[in-house]
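Asks: Position chain B relative to chain A; hints supplied.
Those protein sequences? They're chains A and B, same order as listed.
In this text, residue positions in the first sequence follow the UniProt record's numbering: the first is 1, and each later residue adds one.
In this text, residue positions in the second sequence follow the UniProt record's numbering: the first is 1, and each later residue adds one.
Because the hints were derived from the structure by calculation, they are not lab data.
The model shown is predicted, which means the values in this text are computed figures rather than measured ones.
Some clues are possibly wrong.
[Stated by the list, open to error] Stretches of chain B that chain A covers, calculated by requiring three or more beta carbons in the stretch to come under 8 Å of a beta carbon on chain A:
(1) 35-49
(2) 68-76
(3) 91-102
Ideal Cβ positions, reconstructed from N, Cα and C, are used throughout, including at glycine.
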Amino acid sequence: MPKDHGIGASPKRREDLRFLTGAGNYTDDINLNGQAYVHFLRSDVAHGKINKVDTSDAEKMPGVLRIFTGADFEGVGGLPCGWQVTDRFGQPMQEPAHPVLAQGKVRHVGDPIAAVVAETPEQARDAAEAIVLDIEELPAVVDMKAALEDGAPKVHDDLTSNLCYDWGFVEENREAVDEAIKNAAHVTTLELVNNRLVANPMEPRVAIGDYNPATDESTLYTTSQNPHVIRLLMGAFVLGIPEHKLRVVAPDVGGGFGSKIFHYAEEAFCTFAAKQLKRPVKWTATRSEAFMTDAHGRDHVTKIELALDADHNFTAIRTETHANMGAYLSTFAPSVPTWLHGTLMAGNYRTPLIYVNVKAVFTNTVPVDAYRGAGRPEATFQLERVIDKAARELGVDPIELRRKNFITEFPYATPVAVEYDTGNYHATMDKLIEIADIAGFPARRAESEKRGKLRGLGINCYIEACGIAPSNLVGQLGARAGLYESATVRVNATGGIVVMTGSHSHGQGHETSFPQVIAEMIGIDESMVEIVHGDTANTPMGMGTYGSRSIAVGGSAMVRATEKIINKAKKIAAHLLEASEADIELKDGQFSVAGTDKSVAWGDVCLAAYVPHNYPLEDIEPGLEETAFYDPANFTYPSGAYACEVEVDPDTGKVTIESFAAADDFGNIINPMIVDGQVHGGIGQGIGQALLENCVYDENGQLLSASYMDYAMPRADDVPFYKVDHSCQTPCTHNPLGVKGCGEAGAIGSPPAVVNAVIDALQSGGYKVDHIDMPVSPARVWAAMHG
Amino acid sequence: MTQVTMTVNGKAVSGEVEGRTLLSTFLREHLGLTGTHVGCDTAQCGACTVHVDGKAVKSCNMLALEADGASVDTIEGQANPDGSLNAIQAAFQEHHGLQCGFCTPGMVMAAAALLKENPKPTEAEIRHHLSGNLCRCTGYHNIVKAIMAASGQDVAAVAAE
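Bound-form chain A, shown alone (with noise of 0.2 Å):
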């Protein structure tokens, strides 16, 4: 009998209705009194010098209130990178600097260079169109090698070169790595590209700076995160403003998976302007505009060498990988191929030694950060895509070449710096192939081949690292932010509670599953329980939801100031009852004395916190609310395995998915319909990834997938109904809850599952096609097949 109630059971979501009504409220619904928009005149030159923006006739255009060039940011702050990588020289990476609005030069299509302030948006717009630019058009570089050649263009004048980082990990076992490999009976080698991705939430962004000249007090509403993140990088680095002078909002939010995470220049626009102007300043993005300002994901070139001894056990990997930053930093670009990336490389495999090589190459691209997944993805692909050729170089069954080499042991301490808890591969394996019905596809195989199809199966596992992070590992790793999160729980004195959280909800239901923690906790309705989330006003000091953090860590937080409650509660009730502390019990919202009938209800602890006419006053204070801040003490470690079932059609080269199954191990779950619905998602992006989804530019610079019209998205009939099942649960032993952390998992373990099913389809029909890169489009296929 599934639970009704708390942790475990699955209450339909709160939030829904007010989304299935239209009563969200999102940041482009919010319009304040005396509101001006900005339209932003954007390079449409991959890279070039300003020689001259001659505003003077478009100031005369009707409604123009007035329009910024990059002259009006000197002065200003530029846009702050939160994480700085030491190279393998043991020097820091190269920086460049990030301004609000182009100085001097563009440097990727899309690059603002004036923004427009006026009465509508589309006297903003027509302005815009009427200022005169000079721009001396410069050779640019798109190419992550070219662009490390002798004698590139530059992107950025003041630096060296193109490099940001030539960075190694484990550095001390680059030498042990290739003897290794020097020495293998078996080396299989990979050379493959994880294609750029555009994240693409369904809310585009949006800005509204507003400024209070009565209290000299800023409020920014945005399309966030972490709205504290953004406060913190936007007051501090950007445009000086202390905190407690400046106020962000993120109200309801249009999805994110990572895009929303980074500070924009068009934030600190708003606000400057706003302030300028004394008056609002919105900005909404079209979706063109999305394109080529949000920051995009994955883009790294990768070489993969897997070596293996002659029972099959790997020995050694070694990577090479070139990522891309794109034009300027964005704010956790250089930590993604690298913490995120080099330290998830050994999977769920005992593999001794491993050496990863990244170097991270500026281009006159938009700037390439985290989404959803973000450096997991890339590290998931090229260990599945390399075990899988290796598997059928020996002439092995791929599931038999994991499980060999499955770590079985945990605590388990990898060679590349982390160390997983908890985990069951062979677990999840197993029940992955219950629930894929591995058994019954030859006859499907059979099945297809009948109707000339080529039907082909993919496997894979996965790890991933989430609940970023520890404050202090990360600090030493170049973060330049805490990683905690916090929470405070107010109890009103009729019973009900507020939890105030730094994690932001845009989509995960946080509304609905954390209040199921504390109903847990005390013995109460999930009803009593509100959360209240995504501004700065309101909420103590948060880092935000990415990386799969906000139950473990955010959660985390909530209980451990719920705990604190349930300690004053307690004092309260032994009070109350006249009975010694050690001796009250909660349990089903009452406190109770143990071995007694004495008892008195959650309620009636709480009305005595806010009336003390009858309380300790001597011991406790008044008042019911708690503050914590959590700081984790490891990274999380969800695992699963995926597989993939395609039918190839080898007269067009087209492929279709004709199931997906993932069975995951999330650790605790709190509410299992949410979580169904994260992995769900994340699988519907990952396809996206390995069929569909390309972010092209031409040899120019010039972005050719601008729009939807370009950048194909999954659509409903590009998927089929995935199964899914998390029933394998090894609970994280470090965190209260044992939870571990579900929303990019899907995104991590599917793309690898895809493309392995492919390749088996082809060689089934007797194409000896070993890789494609993705988007797997029927162009690639039909080329692949026929040499």
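Replies: Leaving out everything else, chain B in the frame of chain A:
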């Protein structure tokens, strides 16, 4: 500026618009009906789907003036008269057919148009019908399931939660 008059969710409304004003802009900015969302510029994502004279239309791809005299229904008018969720909305909640909620109004309006024409659509028919509505959160699984459930079909038989 030109005067435009239409019926929106059963109420007569009018306003002054430019020739280039989109129906989605008129609904959102002039009437304050912000449940209709704009997710792209190219009539691809379907977040702005409304009904015009009973037919599903992408309101970012229609001028307000083209809807002069028409009857327009938006997400704000979909609930039952007592304020409770209608069958499609209720099925979306029951089957977790939404996450961030941004595509949801368009999905509900697209589903309503489908079920009006085809009261018991197959999975394939639903997926085909939704191909003009993008969702980035759900992988479509629970949306398809919710629409099947709203049409009275037993979804436990076709897809696990």
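Asks: For every hint, state whether the structure bears it out.
Replies: Evaluation of the provided hints:
no.: 1; hint: 35-49; verdict: holds (count 11)
no.: 2; hint: 68-76; verdict: holds (count 3)
no.: 3; hint: 91-102; verdict: holds (count 9)
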